[in-house]
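As they're listed, the protein sequences go chains G and Z.
Taking my numbering, the leading residue of the first sequence gets 1, the next gets one more, and so forth.
Taking my numbering, the leading residue of the second sequence gets 1, the next gets one more, and so forth.
Treat the hints as calculated values from the structure; they're not laboratory data.
One should not assume that every hint holds.
What the hints assert, rightly or not - From the derived model, a few chain Z residues whose C-beta atoms are all more than 10 Å from chain G: (1) GLY59; (2) ALA78; (3) PRO108; (4) PHE282; (5) LEU322; (6) GLY414; (7) SER438; (8) ARG501.
As the list claims (entries may be wrong) - Taking CB as the label site, the calculated pair distances span: (9) LEU158(Z) - ALA105(G): 44 to 52 Å; (10) LEU113(G) - GLU500(Z): 47 to 55 Å; (11) ASP101(Z) - GLN167(G): 39 to 47 Å; (12) GLU162(G) - VAL407(Z): 50 to 58 Å; (13) ASP484(Z) - PRO79(G): 47 to 55 Å; (14) PRO51(G) - HIS89(Z): 51 to 59 Å; (15) ARG91(G) - ASP484(Z): 23 to 31 Å.
What the hints assert, rightly or not - Here chain Z is said to cover these stretches of chain G; the calculated rule only asks that three of the stretch's residues, wherever they fall, bring their Cβ under 8 Å from a Cβ of chain Z: (16) 51-61; (17) 65-71; (18) 135-143; (19) 152-160.
On a predicted model such as this, the values are computed, not experimentally measured, just so you know.
Just so you know, even glycine gets a beta-carbon here, dropped at the ideal spot from N, CA and C.
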Amino acid sequence: MKSRTFVVLAVLAALLTVAVTILQGNLYEDGEGPRERALFAASLPDLDGNPQSMEQYRGKVLVVNFWASWCPPCIEEMPGFVRLQDKYRDRDVLFVGIALDEPEAVQPFMRELGINYPVLTADVAGYDLLRAVGDEKGVMPFTLVIGRDGLIVDSKGGIYPESELDQRLASLI
Amino acid sequence: MAEPLPVDQALVLAVEGRQGERVEVRIDVAPGHYLYRDRLGLVVEPAGLPLAEATWPEGEWKDDPAFGRVLTLRDAVASKVDTDGLPSHWTLVVHYQGCADAGLCYPPQERRFSVTPQGVSAATGGLAERLGVRAVPAALFGEDESSRIARGMSENTLLLTLLGFFAAGLLLALTPCVLPMVPILSGIIVGQGQPVDRRRAFLLSVAYVLGMALTYAAAGVAAGMSGVLLSSVLQHPLVLGTFALLFVGLALSMFGLFDLQLPSGLQNWAARLSNRLPGGRFTGAGLMGALSALIVGPCIAPPLAGALLFISRSGDLVLGGLALFALAIGMGLPLLVVGTSAGAVLSGAAGWYNRIRIVFGVLLLALAVWILQPIWQPAWDRWSRSTTQVEQGVRFQPVTDLAAFRVALEGRGGRPVMLDFTADWCSTCRELERHTFSDASVAEALSDWLVLKADVTSSSAANRELLAHLGLFGPPAVLFFGADGAERQGERVLNFQPPERFIATIRNVAEQP
Numbered sequence: 001m002k003s004r005t006f007v008v009l010a011v012l013a014a015l016l017t018v019a020v021t022i023l024q025g026n027l028y029e030d031g032e033g034p035r036e037r038a039l040f041a042a043s044l045p046d047l048d049g050n051p052q053s054m055e056q057y058r059g060k061v062l063v064v065n066f067w068a069s070w071c072p073p074c075i076e077e078m079p080g081f082v083r084l085q086d087k088y089r090d091r092d093v094l095f096v097g098i099a100l101d102e103p104e105a106v107q108p109f110m111r112e113l114g115i116n117y118p119v120l121t122a123d124v125a126g127y128d129l130l131r132a133v134g135d136e137k138g139v140m141p142f143t144l145v146i147g148r149d150g151l152i153v154d155s156k157g158g159i160y161p162e163s164e165l166d167q168r169l170a171s172l173i
Numbered sequence: 001m002a003e004p005l006p007v008d009q010a011l012v013l014a015v016e017g018r019q020g021e022r023v024e025v026r027i028d029v030a031p032g033h034y035l036y037r038d039r040l041g042l043v044v045e046p047a048g049l050p051l052a053e054a055t056w057p058e059g060e061w062k063d064d065p066a067f068g069r070v071l072t073l074r075d076a077v078a079s080k081v082d083t084d085g086l087p088s089h090w091t092l093v094v095h096y097q098g099c100a101d102a103g104l105c106y107p108p109q110e111r112r113f114s115v116t117p118q119g120v121s122a123a124t125g126g127l128a129e130r131l132g133v134r135a136v137p138a139a140l141f142g143e144d145e146s147s148r149i150a151r152g153m154s155e156n157t158l159l160l161t162l163l164g165f166f167a168a169g170l171l172l173a174l175t176p177c178v179l180p181m182v183p184i185l186s187g188i189i190v191g192q193g194q195p196v197d198r199r200r201a202f203l204l205s206v207a208y209v210l211g212m213a214l215t216y217a218a219a220g221v222a223a224g225m226s227g228v229l230l231s232s233v234l235q236h237p238l239v240l241g242t243f244a245l246l247f248v249g250l251a252l253s254m255f256g257l258f259d260l261q262l263p264s265g266l267q268n269w270a271a272r273l274s275n276r277l278p279g280g281r282f283t284g285a286g287l288m289g290a291l292s293a294l295i296v297g298p299c300i301a302p303p304l305a306g307a308l309l310f311i312s313r314s315g316d317l318v319l320g321g322l323a324l325f326a327l328a329i330g331m332g333l334p335l336l337v338v339g340t341s342a343g344a345v346l347s348g349a350a351g352w353y354n355r356i357r358i359v360f361g362v363l364l365l366a367l368a369v370w371i372l373q374p375i376w377q378p379a380w381d382r383w384s385r386s387t388t389q390v391e392q393g394v395r396f397q398p399v400t401d402l403a404a405f406r407v408a409l410e411g412r413g414g415r416p417v418m419l420d421f422t423a424d425w426c427s428t429c430r431e432l433e434r435h436t437f438s439d440a441s442v443a444e445a446l447s448d449w450l451v452l453k454a455d456v457t458s459s460s461a462a463n464r465e466l467l468a469h470l471g472l473f474g475p476p477a478v479l480f481f482g483a484d485g486a487e488r489q490g491e492r493v494l495n496f497q498p499p500e501r502f503i504a505t506i507r508n509v510a511e512q513p
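Sequences are here, hints too, so could you generate the full structure?
Spelled out as structure tokens, the structure:
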């Protein structure tokens with residue numbers, strides 16, 4: 001009897017601790033995981049060959065899209081990105097393209113698709129980054145949505161439907 | 001959309017034959033996937049040998065919104081390679097790239113095969129492989145125990161999954177994690193204050209186990225719904241600390257050092273409440289089971305994390321609930337035996353129970369230490385590393401930023417240089433440290449080297465600059481520089497390598513001009 005009342009008391013105390021911990025948001029004070037760290041630690045050349053650190057984009061709502069010139073579905077979804085970038089430009093939303101390509105292979109697409117957001121390039125080593133941010137199979141397109149707090153809120157392998165991404169962005173701004 | 005297949009299941013490459021006869025390259029394309037014909041390639045190495053003539057099928061035209069009309073290949077694609085005029089040993093390099101109708105593409109693949117008169121074997125050492133482009137699951141970045149468990153599970157069918165969870169539960173019952181439940185359950189049964197027969201003890205145990213199982217089922221559904229890992233909540237130091245204290249408290253009460261009691265008014269209220277509840281004592285036992293599930297939660301966090309990760313990835317609520325229910329039933333099965341027999345034994349004389357109380361107490365104390373492992377493990381690792389390195393492991397010289405690295409490189413004094421990138425969150429780095437860098441023969445092979453280490457745990461500007469300068473995204477990464485100070489980029493180690501292979505890499509660098 002006695003040991004049981006102790007157990008009840010102790011369990012209640014433990015539950016209270018869990019509840020308080022969750023409510024205080026303690027758990028998320030350092031919510032950045034290895035995926036975020038890998039992404040923001042990256043520094044990649046832009047189309048002029050100048051290194052651009054991903055860190056500089058922190059603080060905005062980010063859509064980071066991995067693509068390549070040899071990937072038809074990647075090209076297919078990019079006009080939607082261009083439209084959404086226009087729509088949300090004033091709301092501090094920024095698209096960043098990361099092309100696993102040579103800059104020369106990327107240039108024609110910039111003009112043809114009228115890409116209105118920064119595009120960085122990564123050669124073969126880009127696959128390490130791709131895996132590091134959660135695309136375990138290396139499939140493309142691969143798109144990350146990142147909140148203002150720098151945390152990845154969504155990731156998608158394959159085409160990200162425009163309407164779905166639109167809603168997602170609307171919920172974040 | 002269904003989970004995409006790994007590239008090696010979507011596009012299955014096989015090379016058969018032997019030098020002197022014909023060699024056949026075959027790619028089996030999974031349904032719903034296709035290959036680009038103009039991206040198929042066969043190359044014979046060393047360069048200068050006659051080119052392999054490919055005889056791929058014609059393929060079919062596909063109207064591609066991005067590229068216009070392109071030739072694609074589906075089903076089984078094969079090409080013969082004429083081996084006339086080739087030496088007895090050569091290397092066949094196969095290039096291919098494909099996509100899925102679902103709207104995604106796989107990166108270009110490059111595979112190498114050694115062809116000899118004895119046959120064909122997969123060769124290593126290609127650029128693509130060194131850079132980790134191969135979609136080999138074992139090479140997943142930063143894979144930990146939980147994700148391995150989750151990956152194993154997602155390949156099973158429903159029944160197998162549930163059986164697997166049940167079996168996992170039985171295994172968990174063998175761990176000390178269920179120990180805290182034994183005194184609780186015994187308390188419920190013995191605490192009746194009246195003789196308990198075997199049947200009643202059994203039913204109370206069933207109620208208790210069901211309460212526990214339903215709690216885990218709820219956790220499973222919650223995980224399926226939210227995708228949030230409860231286990232990450234359970235791994236928080238504050239939570240772990242509280243539970244450790246709880247276990248210590250339980251242990252002390254096992255030793256009979258003290259008894260905590262609620263005020264008698266509260267006790268009466270609790271007794272009245274449990275009498276009024278439907279099912280009376282049984283409901284109470286069920287509630288205690290539910291609470292117990294939470295008590296041992298942190299203790300079984302790693303397997304629980306795997307289960308919850310699997311469920312939250314599948315997003316299937318029914319499966320999630322059922323799976324964790326099966327797990328808990330497996331875990332509770334031995335408790336039924338204990339509870340039933342405890343009722344019979346304990347209601348007669350408390351002697352048996354009193355004797356094993358001490359054992360339980362000691363085990364509970366050990367448990368308290370064990371669940372705090374995530375907190376003391378890193379400190380222990382640091383300590384043991386710092387001591388073992390002095391004796392046998394590789395000795396590193398830390399570099400903190402790009403400037404320090406340049407200074408260190410300048411001061412190499414004609415020695416080759418190794419630079420290891422590590423971070424607290426990098427599990428592959430831990431493996432390298434534990435198995436490879438701690439190895440005496442690795443240390444021996446590096447004795448004439450300047451060995452540097454950069455800890456890039458924090459995403460500071462200095463660390464980012466250093467990584468960017470070397471064209472890295474982060475650890476794991478081990479870079480080698482020749483005695484001339486130039487990096488041997490082709491030798492970068494970006495995954496775990498066991499000591500023998502790592503030594504081979506080191507030798508390779510040292511012997512290059």
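Tested hints:
1. GLY59: GLY59(Z) is indeed farther than 10 Å from all Cβ atoms of chain G, at 15 Å.
2. ALA78: Non-interface label stands for ALA78(Z): nearest chain G Cβ at 23 Å, farther than 10 Å.
3. PRO108: violated (7 Å)
4. PHE282: With a cut-off of 10 Å, PHE282(Z) remains clear of chain G, as the shortest Cβ separation is near 15 Å.
5. LEU322: Its Cβ never comes within 10 Å of chain G, the nearest being 25 Å, so this holds.
6. GLY414: Fine: 30 Å to the nearest Cβ keeps GLY414(Z) off the interface.
7. SER438: Its Cβ never comes within 10 Å of chain G, the nearest being 23 Å, so this holds.
8. ARG501: holds (19 Å)
9. LEU158(Z) - ALA105(G): 44 to 52 Å: Given range 44 to 52 Å: holds, Cβ gap about 45 Å.
10. LEU113(G) - GLU500(Z): 47 to 55 Å: holds (49 Å)
11. ASP101(Z) - GLN167(G): 39 to 47 Å: Hint violated: Cβ distance 25 Å, outside 39 to 47 Å.
12. GLU162(G) - VAL407(Z): 50 to 58 Å: holds (51 Å)
13. ASP484(Z) - PRO79(G): 47 to 55 Å: holds (49 Å)
14. PRO51(G) - HIS89(Z): 51 to 59 Å: violated (42 Å)
15. ARG91(G) - ASP484(Z): 23 to 31 Å: Given about 52 Å between the Cβ atoms, the range is violated.
16. 51-61: Coverage by chain Z holds here, the residue count being 3 at a Cβ distance below 8 Å.
17. 65-71: holds (count 3)
18. 135-143: Our answer is that it holds, as 6 residues pass the Cβ test (under 8 Å) against chain Z, meeting three.
19. 152-160: Coverage by chain Z holds here, the residue count being 3 at a Cβ distance below 8 Å.
Violated hints, listed in ascending order, are 3, 11, 14, 15; each of the other numbered hints is respected by the structure.
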